[in-house]
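K.L.:
These protein sequence lines map, in sequence, to chains B and R.
One rule links them: number in my numbering = place in the first sequence (from 1) + 70.
One rule links them: number in my numbering = place in the second sequence (from 1) + 70.
Among the hints, erroneous ones may be present.
Because identical chains share one entry, a pair is satisfied inside a single copy or across any pair of copies.
[To be verified] Simulated pairs of lysine-lysine, DSS-like, Cα-Cα distance not exceeding 27 Å:
no.	residue 1	residue 2
1	K233	K374
2	K289	K355
3	K437	K289
4	K437	K79
5	K79	K460
6	K79	K233
7	K360	K507
8	K460	K409
9	K507	K492
10	K207	K492
11	K505	K360
Hint data in this document are derived by calculation from the structure and do not stem from the laboratory.
Predicted model, so just to flag it, every value in this text is computed and none were measured.
Protein chains: 2
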Amino acid sequence: MTPYEIISKKRDGHELSAEEIKYMIMGYTNGEIPDYQVSALLMAIYLKGMNAAETMAVTNTMLYSGEVVDLSAIPGVKVDKHSTGGVGDKVSIILAPIVAAAGVPVPMISGRGLGHTGGTLDKLESIPGFRVDYSIKEYEQKISEIGACLIGQTPDICPADKKLYALRDVTATIQSIPLITGSIMSKKMAEGIDALVLDVKTGSGAFMQKYEDSVALAKQLIAVGEHFGKPTLAYITDMNEPLGRTVGNWLEMVECFEALQGDGPDDLLEVTHQLSGAMIYLGKKAGTIKEGVQISKEMIRSGKAWNKFLEIVASQEGDVAMVQHPQHYPQAKYQAEVKSEQDGYIAGVNALEVGLTSVSLGAGRQKSTDIIDPKAGIILHRKKGDAVSKGEPLMTVFTDKEQELQGAVSRLNAAVTYSAEKPLLESLIREFIDKTKL
Amino acid sequence: MTPYEIISKKRDGHELSAEEIKYMIMGYTNGEIPDYQVSALLMAIYLKGMNAAETMAVTNTMLYSGEVVDLSAIPGVKVDKHSTGGVGDKVSIILAPIVAAAGVPVPMISGRGLGHTGGTLDKLESIPGFRVDYSIKEYEQKISEIGACLIGQTPDICPADKKLYALRDVTATIQSIPLITGSIMSKKMAEGIDALVLDVKTGSGAFMQKYEDSVALAKQLIAVGEHFGKPTLAYITDMNEPLGRTVGNWLEMVECFEALQGDGPDDLLEVTHQLSGAMIYLGKKAGTIKEGVQISKEMIRSGKAWNKFLEIVASQEGDVAMVQHPQHYPQAKYQAEVKSEQDGYIAGVNALEVGLTSVSLGAGRQKSTDIIDPKAGIILHRKKGDAVSKGEPLMTVFTDKEQELQGAVSRLNAAVTYSAEKPLLESLIREFIDKTKL
C-alpha cells in the first residue's frame, strides 16, 4: 500500500478500501504523507466520486482521528442541528434556546463564516465577551447545567478533518458530496449527539446550488448518521433569498433577539420552528414533528426561549445587558440605502450577491485569516412578494469601509429583480427526507 | 487570475487560456504557487484532458522557462529522434552515429531510465569515462566538430518541465497525453533541432500499452512539432517483446557495438534503419525515406557508422579501447540461466516483465535516486518465433545481487509464452504517421 497506488486506484475510478482511506488520511494528518499527494487524491475523489462504504470510511477515519465526546452522563436525548450554510442563516441561534427550553439538551459545535456564507460562531462572538472556546469539559458542564452550549471545533475534535478541509479549501475540492459528508458527519458524531436534524440549503446562496445535489447530499448525510445509530432527519430548504431581514453578524443577532421575543420575520420563523420541532420530536419531548413545532412556537410565546437564551449568554460570559439593550451597540461609520428602481413587486433578492456584498462590507471572510467587523452588514426592508414603489428604500448597508459603500449599493441594486404581478410565495421547506427515503 | 480559479476551471472541464497555463506552470517553477495546488490541477488535467491549444501552451511555457539552444550556426538540417521508452531500446546509440555519418547533424538530449524502461544516458555512461554532462556551449561545439553529441538535460533546459515531471511522478499523473506531449516536445524544441523523428512505442513494455493511446500521443507530438515549424514524423513500433537480445546497460552497449559492426539482431536493425532512414530524409541527405534507409544500411556496411561512433566516444571522453575490446569489462558476480519449459516455439517474451526483472537485478531504477549497476541485466538467446527444446537456455541473467537471482529466474520463466506452431512474425513497424494524417 503506497500513496501512489491509492491515488492511481481512485484516479481510475476504483473503490478504495477502508484501510487505504485510513492510511491516506491518517498519514496526512500525522505528517507522513505530503500534501501534494493528498491533493491529487482529493481531486480524483472530486471527479470520480466515492460510494457509501468509502464515505463511511472517510467519516470514521476523521471521527476517530481525535476525541469523541461522551455525553451519556447527561440525561435525555441530545440533539443538534446542522446547516450546510447560507446567507442570513441565523437559525441555530434561535433554535438552540427554543429546543433547550423544551427540555432537549443541545450540544452544538459550530463553524465560522467563509466566503459568502456566515458562521454561527462569528455571530455569537459579536456579543461583547461571548466565548466559544471552552474546553470539552466545560462544554459538557454547560450542557448539563443550562441544556445547551455553542462552541467552536476544539483542536481535539476531528484534527484530520481540520487539516483535510484546509487543503480542500485551496485545491477547489470542497464541493464533493462524499468529502462534505465526511467533514460534517465526523464533527457531528464527535460532539456527543444522540440524534441530528439537517438543514440542507439549496439555491443561489447555498453551497449546493442544484436541487438534486442538495438531495443527494442530504441522503448521504442521513445514511452515515443512521449507520452510526443516530436517528437523522433532513430538510431541504430554499436559500435563493437571504433568510430573514438581516445579513451581518450583530445585525443578525439583533434579529435573533427580536425573533426570540416574538417579533421575527415569517420566513426565518418558518424554517426555525420546523427544525426545532423535528429536534424536539427526536429528543422525545413530542410525539410527532408537528407537535414539536407547536411546542417550539410555545417556547417563544411563553418567553421561555428568550430566558433560556439569556441564560446561555450569561453562561458563555456574554454581555447580557447589551443583548437586552442592543441600541447601545456601536454603529457602523457609514450607511447607505439601496432604493427601488421601479414600481411593482420584488421578484427576488439574490442571496449569493447579498452574501458576497456583505463580505466586501467587512461582515465576512474571503480567506480564513480575514478579520470580521461585527457591525457591518445589510438590512433588507423588502423581500420577495413585497409591493414597492420607485425610490423606496429596499435595503440599508452598514460598513466602516467608506470605499466599499457605493460599490455595495450598485451590486445590491443589481441583485434585486422585480415583477409587475405579485409573485407566488412558496414554503421555504422544499422537502423532508428521512431514512425511509434513502 | 488565482490558482483556485484555474484549478476549478479545469476541474469543471473547461479550456484554460495560454495565460492561465503560463501563470500556473511558471508560478510553480518560481516557487510562488505551492505544489499541492499544482498537483490538484495535474489530476484535473489527467482526468479532464487538454485540447491542442492548451497542449501547445504547456509546451511553450516549459520551453521558454529555460534556455533554447540555437544551432543555426552549424550548417545542415539538424535532426533528432525521440523514443517514448521501452525495454532493450538502444536504438539512439546505433542511430546517432549512422545519421551523423550520413552527414546529418544529430543534437541529442536524452533521459535516464526510470521504472521498467532504460535510458540512453545510463547506457552510454556504462562506457568508462563517457561524459553526458557537457555545457550547452560544449554540446554545440561537439555537434559542429563530430556531427553528433549525446548529453543529458542541463539545469538550464526546460526547468519547468523538470519540476513538473517530478511532481507528476509522485502524484500518478505521468500518463496524460497532453502532459507527456508538453514534456517531450519542450525538451526537443529546446535542444536546437530543425526536424524530429518520433518512435512511439506500443505494447506491454511501452508506457502507452493501448494502441489507440500511442496513435493519439503520436498525433499530438506531431501537431506540436509542426506548429513550431519543425517537420515531425512518427512511427508506432511494437514493444511487446524487448528490442534486440539484451536488456541492461553494458550488455546493451555491447549489442550496439556488434550492430554497428554489422552483426545486430533483425528486430533491432529493422527499427533502427527505419528511424535513421527517416532522419536522413528529413536531414535532406536522401530524397525519400526509403532511400534514407538504404543510406543507413550503407553506413553500417561501410564501417562509417562504427568509426563515427568511436569518434563520438572519444569526443565525450569515453574509453575507446574498452569499446573495441568489451571482453575486458568487469563481469557481474552471479549468472543464471532461464531454461525452456517445453518443446515448441516461443510465442513471446513479455517486455514489461523483463524490464521489471532487470530493475530488480540492478540494471534500472525504482526511484530516481537509485544507483545503477552497469553490469546487471539479461541476455535473451531466444525470442518470438524461435524453435526451442525443453531445457535449452532461453535467457542468461547477470547480477551482483545474489538474493535476487532465483526470483529473477522464476519471474522470467513466467514471462515466456510458448506455442506448438511457429507464430507469425510481423514487422515491428506498426504505423507511419505524419502531418497529413492529423
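K.L.:
Evaluate K289 and K355 at a C-alpha cut-off of 27 Å and name the case that applies: within, between, both or neither.
P.N.:
Intra 25 Å, inter 70 Å, cutoff 27 Å: intra-copy only.
K.L.:
Quick one: K437 to K79, C-alpha cut-off 27 Å, is that within a copy, between copies, both, or neither?
P.N.:
This pair counts as between: shortest inter-copy Cα distance 20 Å, intra-copy 33 Å.
K.L.:
First find the shortest C-alpha distance between K233 and K374 inside one copy, then the shortest across copies, and answer within, between, both or neither for a cut-off of 27 Å.
P.N.:
This pair counts as neither: shortest intra-copy Cα distance 40 Å, inter-copy 64 Å.
K.L.:
Tell me, please, which holds for K360 and K507 at an alpha-carbon limit of 27 Å: within, between, both or neither?
P.N.:
within (19 Å within a copy, 70 Å between copies)
K.L.:
Within a copy, between copies, both or neither: where do K507 and K492 come within 27 Å Cα-Cα?
P.N.:
The answer is neither: 35 Å in one copy and 62 Å across copies each exceed 27 Å.
K.L.:
Pop the pair K79 and K460 into one bin, within, between, both or neither, using alpha-carbon distances up to 27 Å.
P.N.:
neither (60 Å within a copy, 40 Å between copies)
K.L.:
At most 27 Å between CA atoms: does that hold for K79 and K233 within a copy, between copies, both, or neither?
P.N.:
both (23 Å within a copy, 24 Å between copies)
K.L.:
If the cut is 27 Å between Cα atoms, do K460 and K409 qualify within a copy, between copies, both or neither?
P.N.:
within (7 Å within a copy, 95 Å between copies)
K.L.:
One pair to classify: K207 and K492, alpha carbons no more than 27 Å apart. Within, between, both, or neither?
P.N.:
neither (53 Å within a copy, 79 Å between copies)
K.L.:
As a check of your reading, is K437 near K289 (CA-CA no more than 27 Å) within one copy, between copies, both or neither?
P.N.:
neither (30 Å within a copy, 43 Å between copies)
K.L.:
At most 27 Å between CA atoms: does that hold for K505 and K360 within a copy, between copies, both, or neither?
P.N.:
within (18 Å within a copy, 72 Å between copies)
This entry does not satisfy hints 1, 3, 5, 9, 10, going by the numbered hints stated previously.
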